[in-house]
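2 protein chains.
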Amino acid sequence: MFYIIGLGLCDEKDITVRGLEAVKSCSRVYLEAYTSILMVEKSRLEAFYERPLILADREMVETESDEILRDADKENVAMLVVGDPFGATTHTDIILRARALKIPVRVVHNASIMNAVGACGLQLYNFGQTVSLVFFTDTWKPDSFYDKIKENVDLGMHTLVLLDIKVKEQSEENLARGRKIYEPPRYMSIPQAVSQLLEIEGLRRSGILSPEETLAIGLSRVGGDESQQKIVSGTLAELVTQPADAFGEPLHSLVVVGKRVHHLEVEYAQQFAVNETGWRHVARNVYKCALDD
Amino acid sequence: MFYIIGLGLCDEKDITVRGLEAVKSCSRVYLEAYTSILMVEKSRLEAFYERPLILADREMVETESDEILRDADKENVAMLVVGDPFGATTHTDIILRARALKIPVRVVHNASIMNAVGACGLQLYNFGQTVSLVFFTDTWKPDSFYDKIKENVDLGMHTLVLLDIKVKEQSEENLARGRKIYEPPRYMSIPQAVSQLLEIEGLRRSGILSPEETLAIGLSRVGGDESQQKIVSGTLAELVTQPADAFGEPLHSLVVVGKRVHHLEVEYAQQFAVNETGWRHVARNVYKCALDD
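Chains A and B are the protein sequences, given in the same order. First residue of the first sequence? That's 1 in UniProt numbering, and the numbers climb one at a time after it. First residue of the second sequence? That's 1 in UniProt numbering, and the numbers climb one at a time after it.
Okay, chain A solo, but in the shape it has when bound (with noise of 0.2 Å):
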């Protein structure tokens, strides 16, 4: 059997009862780490686990997936992920080998970001599609989340921003000398992402992000314990002044809310507000949503 086992979020703990049975089955465990991360090494999975991680990277996945479904129709064999194994594009490639190969496939499901989401107090219903933002450089802005988020927008739709991350990147000059030295990883922060979206609104100027008028949520480590998971929600100025450690330690994302915000919503997002005050007056006189008060 070839197991693709989630996650969830956090730490070893997060694994289901039935993930956990699964692994501690098979000979050989792959630990799929380029996607997302965890908020724990690797050798804290392994002892809780009680078994050996091999890391799989996105080019092992994507050129070597015999290797790691070798032998799987006679024994266990098992790819852990971060989160949910629907997250990513690559794990519906491994299935489809496998089942090419007649070697049976079980999916663990898990909690992702996809739907933990709901923390922040947002219904997960009224949420459109989700966007991601890569890191900007100089010469490479690109900017078709926008016009993603302008379609949310104007359906008044709630938006998840997953925010880039970048692990086992070369330099530009490592990468043209073909030397295999990878820079650190690097996490996009919050306001970094809300200063990329409100540069592009500088560029196209269709409206539908505004500093002082547009609410938006920051979460950081959801499905941490209170020390770990941060939410912080206020305008997008608010969110793009907060201070870069504000939100800690990855991964983060960002919501914007959408114009069909439901009081319910906007009084529970309330309690991680950087300035309640503000917080209810855009709702009310923006977004003009119902408040009591």
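In case anyone wonders, no lab produced these hints; they're calculated from the structure. It cannot be assumed that every hint is accurate.
If chains are identical, the list can't say which one is meant, so a pair holds when it fits in one copy or spans any two.
Stated by the list, open to error - No more than 20 Å apart at the CA atoms, straight line, and that leaves these computed lysine to aspartate or glutamate pairs for EDC-like:
(1) K13 with E50
(2) K168 with D71
(3) K74 with D225
(4) K102 with E267
(5) K102 with E226
(6) K259 with D147
(7) K150 with E64
(8) K288 with E276
Keeping the supplied structure of chain A fixed, place chain B upon it in accordance with the hints.
The following block gives chain B in isolation, referenced to the frame of chain A:
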């Protein structure tokens, strides 16, 4: 501490290790059982969790939250929720109430249909807003879902349609006479859901849903093993004529495929097709999807 713990999708083993440890530390454990259901009986959960479970119906969660939260500042109390805790508004209500009472709260996330629907091969970030479909009666056919599907269809987004369940409902006669006699639970089937979609399309006639030219995917018991989970893809005409037992036991969900579908999504979902040739034909000719052949 007040814990709200997601149980995931299928059975007692879908709880996370963190969730299980929390349950075993609790002096009272409530099972919320009206917005969704697991595939197993309460007694099996109790045996595995080693705790008696107090069933909490909608009325209890909404009106007796202080009883549920009693002493949670001094001991541990848990409410167990099928899927993830942020699937229904009610859970934000009880969290707000706990905070007002200065009771610490910890949410333990899990998979829900909102992210596990990725099992059908469609990418989660290509989904628009989620809609709910309720049982029609002769006199009551609420159709606001249609406008929302239209918004998604117009943008080319996929739509997750959540199908009604009726648990602990009273007949009109028993309700009128104040008799607390409840009807057997009812779960909307996928053919019935498609039939209701087409009924409203017949009335509204905006052409967003076509029996022969709209692709959809029915899912049941997502997250179950091969004997449980069932996914069937096809045109609406194909799904509406599936035998009533084609999808087996509840819960069932439906996805309406949007026009921006990527060829890898079509390729993946093809394995579930009623008719693979027809599936590809509509994807290529109606959806204009760039398939290889």
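If you test the structure against every hint from before, which numbers come out violated?
2 and 7
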